[in-house]
Amino acid sequence: MKLILAIVQDKDANILSNEFIDANIRATKLSTTGGFLRSGNTTFIVGVEDDRVEEVLELIKQTSHARQQFMTPPANLDPMGDSSMPYPIEVQVGGATVFVMPVDQFHHF
Amino acid sequence: MKLILAIVQDKDANILSNEFIDANIRATKLSTTGGFLRSGNTTFIVGVEDDRVEEVLELIKQTSHARQQFMTPPANLDPMGDSSMPYPIEVQVGGATVFVMPVDQFHHF
Amino acid sequence: MKLILAIVQDKDANILSNEFIDANIRATKLSTTGGFLRSGNTTFIVGVEDDRVEEVLELIKQTSHARQQFMTPPANLDPMGDSSMPYPIEVQVGGATVFVMPVDQFHHF
Ligand code: NI
Ligand code: NI
Ligand code: NI
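First to last, the sequence lines map onto chains A, B and C.
In case it helps, my numbering puts the first sequence at residues 1 to 109.
In case it helps, my numbering puts the second sequence at residues 1 to 109.
In case it helps, my numbering puts the third sequence at residues 1 to 109.
Since the hints were made in silico from the structure, they are not lab data.
For each residue, glycine too, the CB sits at the ideal point set by N, CA and C.
Keep in mind that a hint or two might mislead.
Among chain A residues calculated to face chain C with C-beta under 8 Å, some are [said to hold, decoys possible]:
| # | residue |
| --- | --- |
| 1 | 60 |
| 2 | 64 |
| 3 | 95 |
| 4 | 98 |
| 5 | 100 |
Per the computed footprint, the stretches of chain B lying under chain A, defined by three or more beta-carbons under 8 Å from a beta-carbon of chain A, are [said to hold, decoys possible]:
| # | region |
| --- | --- |
| 6 | 16-28 |
| 7 | 64-74 |
| 8 | 85-93 |
| 9 | 96-105 |
Whole structure, please, built from the sequences with the hints as guidance.
If you want it as structure tokens, here you go:
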């Protein structure tokens with residue numbers, strides 16, 4: 001048995017939750033504070049048998065890895081009143097921090 | 001020293017908190033998100049000496065184990081306008097997922 | 001790699017967060033429930049290399065240790081209508097509970 005603690009971006013949390021449900025992996029979601037420190041993240045606690053650790057890591061990696069994305073800024077952000085259309089900029093989204101931890105005992109009451 | 005992570009139903013959390021206080025066991029409660037994934041759960045972090053692990057597990061088991069409960073549905077849920085009284089149905093409540101984890105160092109500053 | 005779980009008072013959480021940022025230590029903050037059980041606390045999850053554990057512990061100790069503080073109660077708490085000024089009383093603030101835990105695998109996707 002291992003406990004996997006996964007911290008992902010809020011925007012990836014719903015998809016990851018659904019992947020866990022599809023794979024019949026029980027996960028608990030902790031709310032993280034909005035705020036100055038890594039705000040907008042969701043923490044998952046997942047308990048799995050040792051032989052499913054790789055599967056869980058793969059799900060997290062696939063749904064939540066850091067990647068570049070094009071985003072079009074809203075037009076009214078232009079401070080000069082320039083009438084040209086805004087163009088898409090590339091931003092990094094996603095990214096997951098994952099700890100796999102040993103477990104001495106697991107119980108389900 | 002062990003860290004016990006216990007995920008219980010919200011409806012059992014208050015009683016369990018009081019049991020911990022009565023037993024002089026220090027517990028920290030984390031809020032879980034309302035939502036689609038195991039919503040309505042509360043996560044406790046409990047730090048205890050090895051020789052009190054069994055006692056903590058027993059408290060969690062006694063207050064939070066899965067059990068059947070009779071619940072009477074509200075009368076106005078009957079879509080047919082039937083005037084008969086609603087009868088109690090049996091539902092499962094409670095249930096706890098518990099991890100006992102090794103601790104390298106414990107500090108209280 | 002170690003996972004450090006630190007539970008500190010809310011009033012010390014902002015300063016500790018800033019210390020972590022200054023030291024380039026990545027921390028995730030979990031909200032704790034307001035309520036009857038150790039309310040007003042914040043839980044940090046910090047992942048660090050073994051050789052930085054002492055540094056993290058020292059930051060937590062310095063910013064969040066229990067200490068005595070003088071606090072002046074508000075004047076309108078006097079039930080006798082006594083017109084004398086309230087005098088400062090000494091209260092304990094702060095205090096941190098810290099677990100250093102082993103980690104089998106650490107990933108950053
Ligand atoms: Ni991709
Ligand atoms: Ni029972
Ligand atoms: Ni001091």
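Outcome of the hint check:
Taking 8 Å as the C-beta cut-off, the interface hint given for residue 60 of chain A holds, the closest approach to chain C being about 6 Å. Taking 8 Å as the C-beta contact cut-off toward chain C, the hint placing residue 64 of chain A at the interface holds, the least distance being around 6 Å. A hinted interface residue such as residue 95 of chain A counts as satisfied when its beta carbon comes closer than 8 Å to some beta carbon of chain C; here the least separation is about 7 Å, so the hint holds. Because the smallest distance between the Cβ of residue 98 of chain A and any Cβ of chain C comes to about 4 Å, under 8 Å, the interface hint for this residue holds.
Because the smallest distance between the Cβ of residue 100 of chain A and any Cβ of chain C comes to about 4 Å, under 8 Å, the interface hint for this residue holds. Counting residues of the region 16-28 of chain B whose C-beta sits closer than 8 Å to any C-beta of chain A gives 0, which falls short of three, so the coverage hint is violated. Figure legend: the region 64-74 of chain B, annotated as covered by chain A; annotation consistent (3 residues with Cβ-Cβ distances under 8 Å, at least 3 required). For the region 85-93 of chain B, the stated coverage by chain A is violated: 0 residues have a C-beta nearer than 8 Å to a C-beta of that chain, whereas at least 3 were required.
Counting residues of the region 96-105 of chain B whose beta carbon lies closer than 8 Å to any beta carbon of chain A gives 7, which meets the minimum of three for the stated coverage.
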